[in-house]
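> Protein sequence lines correspond, in order, to chains A and B. FYI, the numbering for the first sequence is 1 to 112, going by the numbering used here. FYI, the numbering for the second sequence is 1 to 110, going by the numbering used here.
Please note that a few of the clues may not be correct.
Claimed, not checked - Simulated restraints on C-beta separations:
(1) A:105 <-> B:1: 26 to 32 Å
(2) A:62 <-> B:25: 21 to 27 Å
(3) A:99 <-> B:8: 25 to 31 Å
(4) A:14 <-> B:56: 45 to 51 Å
(5) B:14 <-> A:53: 47 to 53 Å
(6) B:107 <-> A:97: 19 to 25 Å
(7) A:27 <-> B:107: 20 to 26 Å
(8) B:56 <-> A:71: 20 to 26 Å
(9) B:56 <-> A:18: 44 to 50 Å
(10) B:58 <-> A:75: 25 to 31 Å
(11) B:25 <-> A:51: 26 to 32 Å
(12) A:20 <-> B:68: 26 to 32 Å
(13) A:99 <-> B:6: 38 to 44 Å
Note that these hints are calculated values from the structure, not bench results. All C-beta atoms in this analysis are idealised placements derived from N, C-alpha and C, irrespective of residue type, glycine included.
Listed below are the residues making up each chain.
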Amino acid sequence: DGGITQSPKYLFRKEGQNVTLSCEQNLNHDAMYWYRQDPGQGLRLIYYSQIVNDFQKGDIAEGYSVSREKKESFPLTVTSAQKNPTAFYLCASQLRGANVLTFGAGSRLTVL
Amino acid sequence: QQPVQSPQAVILREGEDAVINCSSSKALYSVHWYRQKHGEAPVFLMILLKGGEQKGHDKISASFNEKKQQSSLYLTASQLSYSGTYFCGTENFGNEKLTFGTGTRLTIIP
Numbered sequence: 001d002g003g004i005t006q007s008p009k010y011l012f013r014k015e016g017q018n019v020t021l022s023c024e025q026n027l028n029h030d031a032m033y034w035y036r037q038d039p040g041q042g043l044r045l046i047y048y049s050q051i052v053n054d055f056q057k058g059d060i061a062e063g064y065s066v067s068r069e070k071k072e073s074f075p076l077t078v079t080s081a082q083k084n085p086t087a088f089y090l091c092a093s094q095l096r097g098a099n100v101l102t103f104g105a106g107s108r109l110t111v112l
Numbered sequence: 001q002q003p004v005q006s007p008q009a010v011i012l013r014e015g016e017d018a019v020i021n022c023s024s025s026k027a028l029y030s031v032h033w034y035r036q037k038h039g040e041a042p043v044f045l046m047i048l049l050k051g052g053e054q055k056g057h058d059k060i061s062a063s064f065n066e067k068k069q070q071s072s073l074y075l076t077a078s079q080l081s082y083s084g085t086y087f088c089g090t091e092n093f094g095n096e097k098l099t100f101g102t103g104t105r106l107t108i109i110p
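Using the sequences and the accompanying hints, generate a full structural model.
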């Protein structure tokens with residue numbers, strides 16, 4: 001079955017450590033997105049990529065980095081510069097020309 | 001800029017109706033609606049592309065008022081399965097990014 005796989009589902013890290021969240025899709029979608037979800041704040045866009053080797057900052061990119069070396073993969077690194085990294089992170093993908101976003105099941109990051 | 005959703009939360013008895021509103025401070029190109037059940041990924045419900053467009057399936061429908069820069073989601077004769085958090089996502093002219101609202105938590109009780 002086609003879909004988006006995010007891993008790990010739960011992650012605990014100490015303050016000051018970088019963390020990389022994985023997002024893989026086998027839908028052959030062109031665009032991929034990372035959103036952060038906090039209670040009462042909805043989904044906020046961190047980074048997005050419409051083609052391989054290209055990506056753009058979203059609304060809250062500070063303290064995060066991404067890469068898009070392969071069409072199916074869009075990993076997100078939460079760096080130590082992110083002041084409040086504890087959150088639920090959602091990855092999504094979209095076929096070019098289509099309007100629908102397909103989301104992964106999310107990764108919950110807790111920084112202790 | 002994030003669209004504003006109202007209400008933030010609503011509790012209904014099974015069979016009652018609900019309306020969720022989504023407003024933007026900028027001219028809208030499109031409005032998307034998603035539902036997220038607790039602990040799950042958001043799932044696409046529908047998209048409205050033209051001002052005045054109305055769409056729906058089953059007993060969930062939506063309207064798009066381009067002049068007022070807002071959209072409303074209508075849930076008729078609500079079922080237990082409608083429970084979840086509803087998000088609107090908006091696209092503005094000249095901006096390809098989808099910006100989501102803060103969400104409306106809907107709880108349906110028997």
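> Starting from the hint list further up, note which numbers the structure goes against and sort them upward.
6, 7, 8, 10, 12 and 13
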